[in-house]
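K.L.:
Chains as they are written, first to last, in this note's numbering: chain A, 1 to 546; chain B, 1001 to 1338; chain C, 2001 to 2327; chain D, 3001 to 3304; chain E, 4001 to 4326.
Please note: incorrect hints may appear among the correct ones.
[Unchecked claim] Derived pair list, reagent style BS3-like, types lysine-lysine, alpha-carbon separation capped at 30 Å:
1) Lys271(A) to Lys1130(B)
2) Lys1058(B) to Lys343(A)
3) Lys4101(E) to Lys1130(B)
4) Lys113(A) to Lys96(A)
5) Lys522(A) to Lys1163(B)
It should be emphasised that the hints constitute simulated quantities derived from the structure, not laboratory data.
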Amino acid sequence: MLALLRYAASLAALALASGTAYAQSVECGNAPPADQDLTLVAAYAASPPAVDEVAFTMEVENIMANTYGGDLVQYKPVYWAEHKVCGAGTNQEGPKQVTGRWAESWTESADGKTWSFKLRRGIKSYFGNEMTCADHQWSWARGFEMKAVKFFFTKVMLLDKPEDVTCPDPYTVQFKIKDRNPLFLQLLAMNYYGGPFDSTEAKKRATASDPWAKEWLKNNTAGFGPYHLEKHVPGEELVLVRNPNFQPRPAVGRVIAKIVPDSATRLALLKRGQVDYAMRLRQREYNEIESDANLQVIYHPANFIPYFGPVQTNPIMAKQGVRQAMAWAMPYNDILNKVYFGKGLPIKTITPAIYPNSTEKFWPYKEDLAKAKEVLAAAGYPNGFDLTISYDKAISEMEEVCTLIKSNFEKIGIRVQLQGLPSAVYSDTKFTRKQMAHCDNFQWPWVADTGYTAWVYLTHPEVNVMNAVKNDDPELNKLTEAMFVTGFGAERLKMDMRIQERVAEDVPWIFLVNPGWREALKKEWAGFVWFPDNNIHFELLYKKKS
Amino acid sequence: MSSVRLLKYASRRLALLPVQLLLVSLIVFVLVRQMPGDPTFLYTGPFATTERVAEVRKQLGLDEPTYVQYVRYLERIAYGDFGLSMRTSQPVVADLRQRLPATMELILYAVVFSVLIGVPLGVYTAIRSKGALNRGVFVYGMTSGALPDFWFALVAIFIFFYKLHWLPGPIGRIDLLISKPQNISGLYTVDALLTGNWPALASASGQLVLPVATLVFIYMSLVLKNTRSAMEDMLRSEFVTYARAAGLPRLMQWRYALRNAMPPIITVTGILTWFLLGGAVLVETVFAWGGLGQYAVQSVVNSDYAALQAVVLFSAVFTMVIFLLVDLAYFLIDPRIK
Amino acid sequence: MAATLLQVSDLTKIFPVGGGHQLKAVSEVSFTIRRGEALALVGESGSGKTTTGRCLLRLIEPTAGHIQFDGVDILAQTQRQFRALRPRMQMVFQEPYDSLSPRMRVGRIIEEPLRMLPELDAAERQRRALEVLGMVRLGRAAYDRYPHQFSAGQQQRIGIARALVTRPDLVLLDEPTSALDVSVRAEILDLLSDLQAELGLAYLFISHDLTAVRRVCQRVAIMYLGRIVETGETEQIFEAPLHPYSRALLSSVLYPDPASRLSRYVLTGEIPSPIDLPQGCHLASRCPMVEPRCRSAYPPMDRFGEGRSVACYRAQEMRALGGLTTH
Amino acid sequence: MSSDNPSLPATPLPRVGQQTAWRDFLSFTRQRGGFQLGLAIVALSLGLAVFGPHIGPYPTETALPGMPLQPPSWRHWMGTDVSNMDIFSRVIAAPRIDLTIALVSTAIAFAGGVALGVISGFFGGGRGVPKLLSEGIMRAADIIQAFPVFIFALALVGFRGPGTENVIAALAFLNIPYFLRITRGAVLQVRERPFVEAQRCAGNSEWRIAFVHVMPNALTPPLANISPTIGFSILLTSGLSFVGAGVPVPTPEWGSMIAIGAPNMMTGQWWTALFPGLVLGIVILGYALVGDGLKEFLDPVNKR
Amino acid sequence: MAPILELRELSVSYETQGGARAVLSKLSLDVSAGEALGIVGESGSGKTVLVRSILGLLDPPFRTDHGTVVFEGRDLRQLDEQSFRQLRGGSIALTTPEPRKHLNPLISIGRQIVNVLRAHQTLAEQAARTRTIELLRAVGIPDPERRLAAYPHELSGGMCQRVIIAMALAHQTKLLLVDEPTAGLDVTISRQILDLMHELAVSHGTALMLVSRDLGVVAHYCRRVAVMYDGRIVEDAPVEAFFAGPAHPYSRQLLRAAAASRGKRGAEKRVDALAEPARTGCPFRPRCPVAVAACATAVPALQQVAAGRRARCLRAEALLRQELAA
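So that you can see chain A by itself, here it is in the shape it has in the complex:
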């Protein structure tokens, strides 16, 4: 009860804090009605290979987001009037986007290198254990051990070693980082890859040969989040049940997720009312739902950056002129209209439009085949060249996009071979940079910052796995590094602009269309909030009173 009150208070504080341009009568992220006890049946596209950070798919994210429920802080939901939907306030600058989750308050030392978080009392896991600093400490130590996503976070957060997370008292978590990091809080707000775990429970499952309970945690969850994974039959179904100790109490007490691999079947099930929610449909299918009186599509512009990536390990792709020519030859409108039925947004910069400082002004490219041919000839390929474009076969929209690209490229003499790959092979060859070029829509920057985005995707290929196109531009490298340690202000803004300009000049990525965050549900559901993770958060959902 006390916890509930506290949470309500923090929400009220939030409403006050964000009360400027986006102050709205609609409240976002409110506690759902306490009198509802609902079951939600979902149609998932695939079953997660594991519910731990070793795996890396949309479904894993989804389950982890709902069972671990995020880290010490979280993004603040605000109301986006033009889309009539709640979403993280990513258009704010830096720390203003963030509010507490497990932490009720926090402090940053003057040098910016020490961060202390005060935990709320009485946060309990499904197993009934109260959250203490030890859980955080254990989770970070495990992250260093796992060398997976959480480990990646430590690098970006500038956290050096497990010992840099300390517990001055059981309800205080302290981080010591190498250098000032203006993005520290935002990074933390996005982190639910790997915890925080209920270490008391997890340790029970550890064995001598498996001290971090890797095996058990692959198919089980031990978090403080709103849900607990009750049942997992790979390839068949997942059942989530409410964490009885989670406050405020979610209205959805049970989520039954059935695995239905075929998107058209998911659609059919939703249309027939056999499921409440269908995950990962295609735009055409969302269109059908919009025309259905009993269903709704929740839309938020979101942060997706589908792009065409010339991989610069290939000498032809390494030529700036060639990349520019391809940018001129890209069928932007066809992709927007035929694949996304005009529903998406054209992307014209590395920073998603809903993120701060995003500008389209540097991006000169539009579909102009004559110009493309000219630029291509100037780059030394008047007769074109042979190009292989890879894509993930599991994402059918990418196949359609690539087919359209192929049609246009062949008109300027680039002979295209499409290579649809199984997801695993695709990501293998992508991250080992064995492809010549790819179409990709699996990228969305978690942190609303140009520096972060450019750094992760387009710089330092020797350390950045995510830089799958092997872009290695000295200027960009320098700029992103500088932005990491530069506090908010005019200087940082200048860097921000230059990065966006440089990316438009050099075209390491050719931006396509952002389809936005789309979720398809029965009409009676409400309480949606978009977070930069692009997941649906079941704990906020409830049924509208009719």
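Using the hints, position chains B, C, D and E against chain A.
P.N.:
For chains B, C, D and E alone, coordinates are given in the frame of chain A:
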């Protein structure tokens, strides 16, 4: 007496199995080595560091020479360990155990109906070689073999689910909201019947209709055609002619013929079962059946090599067992086999 | 030129039949054929006559024994060496059509054995082929046709022509007429007799058709379960066989003459399985004249006059039974 | 010929002479409507394999301007697909790849299967190295055939990766044992025919007998099976492409067209998957009809 | 003696894609009760078809076009299937060449005989077994109790033929159709079988119709012989008279060909023994050494040429005179 003979024969045939299995495993092992890409990545995910990759490689034994890997592999198989599926993070054996009943249920009904319809129809058309039914059967036999099963399934779904709403959609073995019957045999219909779980029985049966009908439609012609030609041959044979000359009634003549047509019918039933295991792959995929076939496809699409090799190995064992059974049935029917 | 063309001694062929059992198809068979002589090898199915013939041409490798062809021990030769002798020993088969390559023209079929005589050029080969086609009374037109365009009798003539094209000394005739109709059979038998006389050929005539044998051959050897039980001049044997088996066999022949009544000599039971034969006379189980010694040791081949041998302890008593024909 | 067989008043003899064979073939064809239909389909499919990609009204691998998924109309007889490519143009272009795969793989399988079948059949009962060879061939064939066809094809392509060459290799590999067995069966019969011994008497070596005399007479069964094998290979190729293990998009291929169209079928755009499957079925039917007809034509039992 | 079987103008044809081909052309023949009639002819002369058409066993593409088959006064062709079935294996029985192929390979011989017995009379299982044992003993199968359970493949060809005879003579058989009794059997065995068959027929008063290519068989086991050529009876004569001197040139050729020693040739004109039957006039004309111009005009009628013998040849009487003169 004959049971002793049967036992001897069966044990001799069984003794061949391990040798065959060894060869089969070798083929599968060699196949797996053909795989493009590094399976390690699938375990580590894209963020993994070099050390982590090396560690996983070591864990998987991928750093050892090929022959050592083969021996290890054989050892593991001997212990029933087919490794972990990268896609489900479960032991492959557990995956198979879960999915096998689904496929078996499908194949079982498909075989039963193919035989129940195909054999009588084949016998009938052999005995009465004229008429509309015969003509129809001929056209059916010609066309059914030519149609792709997966396409037929899609069309059937379009008509009976999408347009007519007569049958449930391709969502697997049971309606999403009906809980599965208690696991006894793994076959939902059987288990539901045994436990008196009528809603589950109704749902499972409804879900079976389209996939089984597809398989039966596409593959029954195999049984039908072979029964008919075996029966025709037997009806033309000297001993049936002689039975007729000796004044045996028609029915007895047909029984003589059918008795002798049994070996080819049994063979073709074996072949059908064997074929259905392959045929089920695509049909399962279309119906999201969650069986072995769909598992195989998902394994291929996701380069889940441990899973794929287990499926391939299992399918070979399944084949051998089927043909062993066929041989034993032959042995029981035909006194000429020693 | 020696009078003896072929001398077979103690020829034995054993087939393993699994389970440690043996099928002794041919046991210690000995006989000779003189130049220009037709010897019949007669017996019922399973008697080993066909196996014997196949061993002579090394289509089957015998287990033991010697075969001297024109003074050469052919079993001592390798298959490659033996190839040089093949032109001199040819064969005519039972099934007229099946013994001809269906997809070859008659000319090529007949010339095929001439490949063993590399000294012949194409023109010479063709000349020889046309020559033998004439001998078997088929015209030149046959040369360019396919076997299936001929009737069974004509096909058998093609088979004979092929056997003769290398100008052999010995021709093995393996049931050459058993697949033919009566009147055709007569023609082929007459042709064979004529050719033997014209070309001075030696025949080994393997048959169960006793009337055919009587018509063509000068001498007869009767086989029973892998052994020769009796040999001698044709008429001698047909008139008064001395071995109980020969007598039973020859008294079973039905001549197309209701007046010819042969004194029947009947064996009891059926031919036993040739697998794992007991020692002793193979006929012991069926013979009306069986004595204890017949079961203990196989009787030796005893000579009864010029060219006549019989393997029976009681052959003398058989002689007392007299001739077969009773009018 | 030892007795009159009432069902066959005249001796059945295989016919070989070229002229008569051709005449027989024509008269046989004239009497068989199904066979005619099959021949027409096969001829048409071969024609499309050569000219198909060029005679369609629209390009086969490029998206057309305008909205996708247009229903069948006079402009687009079979409608358009999700990328707004003309389905008709793609359907008639598909034989180029499907038939290439089927023909090449069947040719390889035929050549390999017949050669191995002759060796294993002819030397089967013998001794020494040829016998071991024969035994080895048979065991290998047994093992390959222990795998259900589609699963093995899937595994072969799955392990080696998708792509035309791999599909061809997989199909050829799978079909070799099939031709091997058929040929072996025929060889086992032919080698018992006396003309083989006659050739031995004529001084031929064993290998020469096997390949010059026996093989030509054992070719009928494998030849008659070429056509159905082509049909079957097309079916397998399309199945592999359907699950994404075959020919890459957007190459016009029936199976992958069905796969692309499948989700649209579920949402009511039935034309996307219906037509490719229909045409695929008709083509396979054609090859099956030709196979049946040829079997009947070449089977000596059906001779008058 | 009154004939028990009368064939009148029986015509059977064989349907081919090129049109129907006559196999039996207006064939007329009688068999008297208790008589032994031999039918000889070469392959393709229609002997086997004749036997099967009597029993109504011909299936398409064979077709009985015309004629009557009268057995004991009833036209079998008008009989309904049920009555005909009772007749087959009852009053009219058949033995076949290659007996093993005619027995069901998957059923024990005892069961097969029992089935035949019970198809014709109501008989309890046990009684049928007892009767089967009797029958097997009667046909000279040793140890019949044990042989009941044997399968055809476990018996020799001769034994199988005995089983067939046992079935054929299981009832009051009036007419036994014997098709090529010696085909596929060894000399000594076939002689035993023939003796057995003859003996049983005589003791049962069964008429035999013995079809064979072997003139020797006919000479020794039949009282009368009918020669078939191209679907017609060309000669029909008592055995002694026939073998003393046939009245048809074809019969003469057959007889000479079958002789054990080489007959006199040379005097006669060379003819092709393989020529196809002529389509007009006398079918034997192309093979006939004594053909005259008149032979080309019409098929000669089957005429009485001497007491009890008929021949279908314009020159029959001339031949008989010549034969007697020689």
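K.L.:
Is the Cα-Cα distance between Lys4101(E) and Lys1130(B) 30 Å or less?
P.N.:
Distance ~28 Å between Lys4101(E) and Lys1130(B) Cα, so the pair holds.
K.L.:
Mind checking the alpha carbons of Lys271(A) and Lys1130(B) for me, to see if they're no more than 30 Å apart?
P.N.:
violated (49 Å)
K.L.:
Hey, Lys522(A) versus Lys1163(B), does the alpha-carbon distance stay inside 30 Å?
P.N.:
holds (22 Å)
K.L.:
Quick one, are Lys113(A) and Lys96(A) close enough, alpha carbons at most 30 Å?
P.N.:
holds (19 Å)
K.L.:
Taking only the CA atoms, is the gap from Lys1058(B) to Lys343(A) under or equal to 30 Å?
P.N.:
Answer violated: Lys1058(B) to Lys343(A) is near 48 Å, above 30 Å.
The structure fails to meet hints 1, 2 from the earlier list, while all remaining hints are met.
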